[in-house]
Every structure is written in structure tokens, then in C-alpha cells.
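Visitor: Sequence:
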Amino acid sequence: MYIQLISLHGLIRGSHIEMGRDADTGGQVRYVLELARNLAALPEVDGVDLFTRRIKDKRVSTDYSEPIEELAPNCRLVRLPCGPGRYLRKERLWPYVDEFVDAMITFTRREGRMPTLVHGHYADAGYIAKEVASVFDVPFVFTGHSLGKPKLAYLMDEGWTREDADKELAMEHRIQVEQDCLSVADLVITSTRHERDEQYADYFKEEDLNFQVIPPGTDLDRFFPYYDYELNSNGIDEKFKQARMRMRRELNRFHFSPEKPLILALCRPDRRKNINALIRAYGESKELQAIANLAVFAGIREDIESMPENEQKVLTDMLLAMDRYDLYGKMAIPKNHSSEFDVPELYRLAASDRGIFVNSAFIELFGLTSIESSATGLPFVATQEGGPQDIAENCKSGYAVDVTDSQALTDAMLKLLTDHEKWDEFSSNGVNLVRKHYSWETHCQHYIEAIEQIVSAPSRTPSAVGKPAVGPRMVNVERMLITDIDNTLLGDDQALAQLKQVLKDNRSRIGFGVASGRALELVDEVLEQYGIHDIDVIISSVGAEIYYGPDRVPVKGWGAHLRSRWKPERVHAALDGLPFLHMQPESHAQREFKISYSLDDSMPPKEALPLIRDALSRTGVAHSLIFSHGRYLDILPHRASKGKAIRYLSSKWNIPLTNIATAGDSGNDMDMLTGETAGIVVGNYDPELEKLRESKSSRVYFAQAHCAGGILEGLAHYGFIGSPAAHLRAVGA
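When we follow full-length UniProt numbering, the leftmost residue of the sequence shown carries the number 1, and every step to the right adds one.
No incorrect hints appear here.
Below, a list of computed lysine-lysine pairs in the BS3-like style, where the Cα atoms sit at most 30 Å apart:
1. 313 - 151
2. 56 - 691
3. 90 - 313
4. 205 - 149
5. 58 - 239
6. 504 - 556
7. 286 - 415
8. 167 - 58
9. 167 - 56
10. 606 - 151
11. 241 - 335
12. 151 - 691
13. 556 - 205
14. 260 - 239
15. 260 - 422
16. 167 - 606
17. 205 - 167
18. 415 - 436
19. 167 - 151
20. 205 - 151
21. 286 - 396
22. 149 - 606
Just the calculated beta-carbon pair ranges, DEER-fashion:
23. 693 - 326: 52 to 58 Å
24. 43 - 256: 52 to 58 Å
25. 478 - 567: 37 to 43 Å
26. 560 - 658: 26 to 32 Å
Note that these hints are calculated values from the structure, not bench results.
Each residue gets a CB set at the ideal place from its N, CA and C atoms; glycine is no exception.
Based on the sequences and whatever the hints tell you, model everything.
Guide: Shown next, in the form of C-alpha cells:
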């Protein structure tokens with residue numbers, strides 16, 4: 001098996017992981033690295049590649065710019081370009097994910113090894129994995145980690161509006177992508193039953209959707225028991241010993257009585273981690289203060305004022321609470337620690353003094369820190385909302401409590417700190433049962449069992465690559481031009497004549513196609529009217545249909561590909577009743593793979609589109625929604641669009657996307673203009689395409705000339721042809 005894993009966001013490298021540096025460098029980073037390494041060690045697995053974003057930014061280490069990093073035998077971390085080089089938070093990456101899709105397809109083909117499956121982690125990587133799996137006709141596996149709908153509910157409880165959440169966090173788009181992933185995933189892996197039953201509860205799911213609860217493992221080489229120092233200290237890596245002394249010195253800077261047991265907390269400085277609940281419980285309990293010290297390691301920081309607003313507030317509130325309860329000499333809030341060596345030693349230091357670990361988050365989707373602490377022999381008290389319930393049940397190494405009940409939290413901490421028999425019982429249970437339930441060996445065994453079932457079954461995302469219907473012409477072209485028709489190819493008769501001559505002169509090496517929202521019969525009418533005959537490819541009905549050559553041979557494989565998971569009756573049921581939408585009445589407007597509406601003047605698009613997207617999300621139908629010219633709405637299967645049809649052609653005929661020029665003027669051309677194609681926006685473009693200029697993508701060229709003149713200008717810009725002026729002189733002669 002060759003397994004491709006994708007984790008797009010966050011700072012990922014094989015060692016010295018910067019856990020807690022920001023909101024995007026959390027447990028997912030550690031999870032995907034350990035998953036990749038441990039899967040690669042199995043005899044059934046020939047190789048694992050973990051794909052992430054390449055980052056070139058002076059603010060971060062140069063490690064993140066290395067194209068390939070060897071993680072272990074048969075295991076690589078592959079970094080591909082995705083948008084600008086600078087480090088961006090995940091919500092800012094959405095405009096660039098198609099670039100990553102193209103880059104990953106190109107990389108895979110260059111390597112010459114077909115993946116057995118593609119596994120996306122989080123929504124952005126889920127989208128990429130879905131697209132790549134479809135191209136190679138292999139299963140798509142999805143792990144959401146955290147989901148948009150529960151987060152949106154939390155934000156709205158905090159006073160956010162939907163508009164704020166969408167503007168700041170692209171929440172509407174994220175939720176739609178998650179729904180699309182669930183609609184076509186061959187397997188969805190969750191870490192806990194709570195995640196499966198509660199986090200996904202508000203998403204539409206087919207009854208046969210394959211969910212598997214497979215808890216992550218933990219690195220038992222790092223999280224060994226605290227008592228190993230007494231039994232076999234010679235076998236312990238010196239780096240752990242150095243970290244132990246470093247962390248001891250760091251804690252001693254804060255604590256007047258360092259011999260007391262330690263109440264330890266490790267988390268990001270995020271309000272959802274509910275750190276102040278722990279500080280309040282400790283500050284209001286004289287008994288806890290008398291018998292134990294408190295240490296809160298809340299991320300990594302240099303200067304609170306330079307941090308994001310959310311983190312600033314959390315850390316400031318911590319300092320204010322420390323002052324309010326006069327916890328000087330009793331509470332430590334160190335600024336820095338490493339996840340590689342310092343964190344395991346913090347658990348062991350706390351366990352050596354018979355302390356406890358506390359996770360007071362409002363909700364914890366998994367609860368990896370409770371497993372890590374248990375593995376070292378340190379009992380825990382954690383939130384009962386989410387994964388820690390499973391951990392407490394499986395490992396019997398801690399209490400899961402209602403952390404919003406300050407007394408319940410205090411009582412659980414006091415119980416473990418004062419009942420020595422219970423502490424010993426939980427400590428031993430943790431060491432023994434983590435190894436049974438939460439080892440990477442166990443995780444990977446269950447993972448392989450789950451994927452063996454889907455690898456042998458038909459994929460829910462069938463291949464975009466079929467056997468060629470035609471050959472000689474497409475095999476021999478080096479490059480292609482695919483252009484929109486209205487207001488792009490047409491609109492300037494003189495420039496069109498120039499373009500036709502250029503294409504005729506270069507026909508042996510440049511293929512020519514059109515991509516239109518029109519149905520085939522209307523495309524033929526307009527091409528005949530303007531004397532355009534040498535067409536190699538027609539992409540019609542906004543990408544729902546593809547035809548080859550002068551005989552208009554339909555590409556049957558494309559139709560079979562689109563038919564999977566397409567349920568037009570659900571789309572009609574969701575949208576036909578919306579009063580501001582009207583079915584386009586023309587016979588050619590409605591196709592097998594295209595449902596078309598017009599938006600009337602009773603509601604502006606900015607108000608109507610969220611309602612439309614919400615209605616569609618409840619259908620569970622994976623779809624593409626295309627809105628253009630401020631009025632027209634097309635709903636297609638999720639694999640249909642102009643851009644996706646072009647990727648199909650690129651893959652099928654082995655024409656690199658960089659060798660395909662695409663030209664357009666409006667919103668329904670958007671996805672064929674982005675990615676690795678040589679995108680050309682003609683000078684008379686609609687305002688809908690202005691966002692492409694703002695994205696600063698190096699693969700979109702904004703021409704000055706209008707219509708076909710802009711196409712010529714763009715072809716010259718990308719080196720497909722020489723100067724347009726030379727062709728103008730040739731035609732004039």
C-alpha cells in the first residue's frame with residue numbers, strides 16, 4: 001500500500017514541533033506525523049507521504065521551506081506550494097487549495113506511483129484529498145478533527161454573528177466543504193464516540209456512511225513511566241534528563257515550596273480551554289493551595305502584547321486571576337516549553353511528586369494530553385464533554401467531571417491529591433491500559449483493517465480518468481487554449497480573426513477548446529456563426545458535459561464520473577420552493593448534470609446566496625454551486641465545473657496544467673482560472689473576478705485588451721506564442 005496523508009495548515013516538521021505556537025499548531029500536527037511514521041513501519045505498507053504546505057517566511061524556521069523531509073524509512077513529509085510563501089492562518093488558505101490539488105496531482109504523476117488511498121485531515125485537506133482521490137480513482141478517507149458547525153454554535157453563544165464568523169473564519173465555506181466531504185467519503189475516521197455521535201450530528205449523512213472510531217496512539221518512547229528514573233535511568237536519553245532539570249528550574253522560579261505536589265495544566269491560550277476555571281477553583285480553595293502548587297503552561301510566548309487578541313485576553317485574564325487570588329509563590333505560568341522533551345518531563349515531574357494533570361476545557365474532542373499524562377503514571381482530572389469520557393472509561397486513570405461546576409472540579413482534584421490508594425490505582429492503570437488502548441500499534445492495526453475493506457470496494461469518488469475516446473490529435477499537442485465564449489472569445493471581430501490565424505499557424509502544437517455555460521447545441525450555433533471550426537474540445541453546460549472533435553463525441557467516462565452521488569431530485573426539493581428563485585425555462589438550460597435557476601430582483605444576491613447554500617447543505621448532495629453575472633445560478637455534481645473538466649483533460653491526456661491556458665471574463669470561469677493553469681482574465685472582465693487580482697496568484701494574468709485581444713495578450717505573456725503585435729501585422733498583410 002502507498003498511503004497519501006494531507007495536513008495543509010500549521011507548521012509541520014519532523015522534530016522540534018512547535019506545539020502551541022498558534023491556534024493552527026496543535027494536536028493535529030503531532031497526530032499526522034505519528035500516524036505517518038507508524039503506518040510506514042507496517043509490513044503491509046510500501047510507503048507513506050504526508051503532504052503539507054511549503055512556507056517561505058522569515059518569521060519562521062527555514063525547515064518549513066524544504067520540499068521533502070525524510071521522516072522515517074518509507075515515510076516522507078512532502079511540502080508543496082499553496083498560495084503566497086508567507087505563513088497564513090488556515091482561514092486564509094481557502095483561495096489557494098486548488099493550487100495544492102494541482103501540485104499534488106503533478107507530484108504524484110511525476111513520482112510514478114499510484115496511491116492506494118488519500119486521507120485528508122481537517123476541512124481544507126479534506127477538500128484536497130477528495131479531489132485528488134477522484135482523479136486517481138482511489139478511496140477518499142476523511143478526518144475532520146474539529147468541525148465548523150459546532151464551532152459556529154460556540155461562536156454564536158459567545159456573541160458572534162454568522163456574518164462575523166463567515167468574514168473572519170470563512171465558516172460558511174468550511175461547513176459546505178465538510179458536508180461535501182461527508183457526501184463522498186469512503187471512510188470517516190473519528191477519535192471518539194462523542195466526536196462521531198455529537199460533533200457530526202448536525203451534518204447530513206447517508207445511512208451507509210462508513211464511520212470508524214479509531215483512537216490515536218501516543219508515543220510510548222517519549223511518554224514512559226515516571227518511575228523509570230529509579231529503575232533504569234541509564235537507558236533514558238540525556239535530552240530527557242536535561243529537559244527534566246530545565247523544567248524543574250523553571251518551576252522553582254515561581255514556587256516558594258517546590259516540594260509540594262504539582263497540579264499541572266498544558267494547553268493553548270484559548271478561551272475554550274477554560275483555563276480560568278482551574279485557576280478559580282485553585283484560588284478559592286485554601287485546602288488545594290495548602291497541599292499543592294499550580295503550574296499552567298499556556299502555549300509559547302515572547303510578548304503578550306504581540307499575540308493575537310484572543311490569546312492576549314486569555315493570558316491577561318490568567319495574570320489578573322493570579323493577582324486576584326494572591327497566588328504568587330503558588331502558581332507558575334512559564335513562557336516557553338518544547339513539546340518534544342519538556343512536556344513528557346513535566347508529566348513525570350508531577351507524577352514523581354504525586355501530583356495530578358488537569359484539563360478544564362469546555363470540550364475536548366479527543367483529549368490527547370490526558371492519555372499522555374496517564375502513560376507516564378500521572379492521574380488526571382478532565383472535562384466530561386468529549387473524548388476524556390472514553391479515556392476515563394478505557395484507562396481508569398482519571399476523573400471526567402463537569403468543569404463548569406467549580407466545586408466538582410475542586411473535589412476531584414482534592415480526591416486524587418489526598419487519597420493515596422486511589423492515586424496509586426489510577427497511576428498504575430494509566431501506565432498499563434494506555435499501552436493496551438492507545439498505542440500506535442493498536443491504532444495502525446485498526447486503521448489497516450478499516451482501509452482494507454474500502455480498498456476492495458468501489459470508490460464513492462469514481463475516477464476522472466477513463467480510456468481515451470480519441471487519440472492522435474490530443475496525444476500530440478504540447479499545449480492547449482481553453483476559453484469561455486461570450487465576451488471572451490467573442491466581442492471583438494478583428495481580434496478574433498487574429499486569434500483564429502494564430503491557432504491555425506500553431507495547430508500542430510496547440511490544441512483549442514471552448515468552455516461555456518451554454519448547452520452543446522447553442523455552442524455549435526455560435527461557433528458556426530463566427531466560422532470557428534477547428535475545435536478539439538467543447539466543455540459545455542458549465543462543465544457538466546465534454547465533447548471531442550468535429551463529430552462532438554461525448555466523453556462517456558465524464559458522465560459516469562459525475563453520476564456518482566448526484567441526486568437532482570433532492571436539489572429540486574430544496575430549491576424549487578424558494579420564492580426568489582425561478583427555474584430557467586429554456587429546454588437547453590436543464591441537463592442531466594446541470595440544474596439552472598435565475599435569481600429575481602426581490603432579494604439581493606448577498607442575502608439570497610446564504611439561504612441557497614444552507615438549503616443545499618441539508619440535502620447531503622455533494623455539489624458545485626456556480627453564480628454568475630449577478631443573476632444566474634447553476635447547480636452541478638461536485639465533480640463538475642469548467643475547472644474540474646480541464647483537470648480531467650489534463651490528467652487524461654497527460655498535458656501539464658501549466659501548459660493549458662484558460663481564458664474567461666466572469667464568475668462561472670473562476671475555478672478554471674485558478675490553480676496551476678495559465679489563467680487569462682480579459683480586459684472586459686466582470687467585477688466578480690477582481691478577487692483573483694487580490695489573491696496575487698502568479699498564475700492569473702489580467703490582460704489590458706478586451707475579448708480575443710486579451711487572449712492573445714495572455715498567450716504571449718505565458719510564452720505560448722510570440723508578440724500579439726506580430727500576429728496583427730501578419731493578419732493585416
